[in-house]
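Enquirer: Counting in this note's numbering, the sequence shown runs from -1 upward without gaps.
Where hints are given, some of them may not hold.
Capping the alpha-carbon separation at 20 Å, the derived lysine to aspartate or glutamate pairs in EDC-like fashion look like this [as the list claims (entries may be wrong)]:
1) Lys572 - Glu487
2) Lys191 - Asp295
3) Lys514 - Glu527
4) Lys547 - Glu487
Since the hints were derived computationally from the structure, they do not count as laboratory data.
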Amino acid sequence: IKEDFEIIDKKQLPNMTELKNEEKEKTAEEARWSAPILSLAKKASENLALSYGNALKSASLVGFISKPVSNDNTAKTSARYHAMEERANLMNMMKLSIKTLIQSALSLGRTLDSDFPPLQQFFVVLEHCLKHGLKVKKTFIGQNKSFFGPLELVEKLCPEASDIATSVKNLPELKTAVGRGRAWLYLALMQKKLADYLKVLLDHKHLLSEFYEPDALMMEEEGAVIVGLLVGLNVIDANLCLKGEDLDSQVGVIDFSLYLKETQDSDSKQDGGITAVLDQKHYVEELNRHLSCTVADLQNKIDCLEKTNSKLQEELAAATDRIGSLQEEQQQLKQQNELIRERSEKSVEVTKEDTKVELDTYRQSRQGLDEMYSDVWKQLKEEKKIRLELEKELELQIGMKTEMEIAMKLLEKDTHEKQDTLVALRQQLEEVKAINLQMFHKSQNAECSLQQKTEAISSFEGKTNEMMSSMKQMEERLQHAEKARQAAEERCNKMKQELAGRLETCRQQMSQLDSKCSTLEKELKSEKEQRQTLQRELHQEKDATTLLKTELEQMEGLKKELRKLQDEKQQLEKVCEEQEQALQEMGLHLSQSKLKMEDIKEVNKALKGHTWLKDDEATHCKQCEKEFSISRRKHHCRNCGDIFCNTCSSNELALPSYPKPVRVCDTCHTLLLQRCSSNSS
């Protein structure tokens, strides 16, 4: 057992020569502070010898044998007189044994062993004092009369004595109550707290009345005197070996030979004992002052404990009220959670059905749109081919025009010089006329192509109208689902791009036609005959331009309708975003309610599941599994109720059942910190 004191074998004890050598090596500083204590102890022992030498003679003659009762006195008075004599004899013997023990210990100047005779006689006399007036307890086995019963009360009254009680109970060699009581006295003397423990017992005489008769020594004033004398034993250092000693079968017989020799020596020293008595008086007064101070401190502690108990009772009542309110809130939250779950399940089923229907319609519409797009792309490719052919013809015409201009200049120059060139010029004029005829035919062909283009544009208008109707249907469907809406938006953007491309192509065609008109006007100026035909063509082209302008106006109307549809889409998107925000808020409320439910469950577990371990049930720390001792104290975790050492329970946290920070073990500390961090997040 790892305590402040150790149980060792006698073989391990050092020899007398080694102890003397160690004492010689002690420094002078230790002798300075121990000198006044030793002088006071010597004076006290001398005074005890002078004042109680005669009492030893009377005790040796009487021998604790009761006197015969006289015929004149009654039985009660004789019993009281007999009890008073026994108490006086025991008190005198206790004083003499303490005196001899202190003197012999100071003369040796070392720690005392269990084999030291004065120490053995001291324990025998103390055992007689504790056995005086003990009540006999009847059991099934027989009668039991042991002084270990009142010593067990010290553990309840003074928590510091719990280590002694546990170490005594754990000794396997002790089988009787008498042996346990002797071992308890040995350990208390080694701790130098024997007087303090017995004083605690005397302060609670209402508990001692269960074990002692009213006339017992521990119930009268002599018990307080003996406790005051035991304070002087704190000067002695004892190293008692409990292992290997048979404490159960020892016979407690007082040896008066030790005290008779000392009384003979003390009779010769009675003349100079007055000063020693005065010193002893001062020593006792100091002890009384010390005891009065300790009594006042204990009363203050009792008042503080009563106040804390009242506060704890109020806190318990408040905690019970809180628990009731929390349970009611828990039931309400459960009902709300059930309602929310039912509603969410219904809404999820409805949304699933709607999404299925919308997906089917979306797939069908997508197939139709894909077919339409394929047809439009084919037509666009054909138109591009026709446009390329027209551009090539225009380039040829431009080349021919440039050649004609050059030829006209040469003819103008050659008219003044040569008349023979007139024939050639006439031939060239005929060729020019043929070319003009060809241009006329080509212009007619261009008119036909323009008519075809107008027809294609009208067909495109019908197709655009159909596309608009399909777009409206798609917008109605997009109100029910967000995914279909996004796909429709992408397609609308593509259609816009295609329409913009078509508009650009039309504008390019218009620009090309304008260029053609300008070239034709120049040719009409040079040739009067072709002006009329070209003017007709220009009128026709103007009509075509008006048609194209009307088509552009229609396209602008379509753009306005598209903008309206986009505004409606934005409104629908806002509605969807508001609904999503509402769903997110509902999710947050649900998560908060779940966290509250978990906190309430953990509080209920902490209040119901954890049990408060008793001090007797735990001998080792639950975490590090080290054994408890006087240096390693026991501490309760206020969260789980288990017992730990100081190192494993040095943390403090505020719990819901405690308003201030309270001691908590390491595991509970980490768990509570994790819970706080999750709640804050």
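Enquirer: Run every hint past the structure and note whether it holds.
Expert: Taking the hints in turn, this is what the structure says about them:
1. Lys572 - Glu487: Answer holds: Lys572 to Glu487 is near 15 Å, not above 20 Å.
2. Lys191 - Asp295: holds (18 Å)
3. Lys514 - Glu527: holds (18 Å)
4. Lys547 - Glu487: violated (28 Å)
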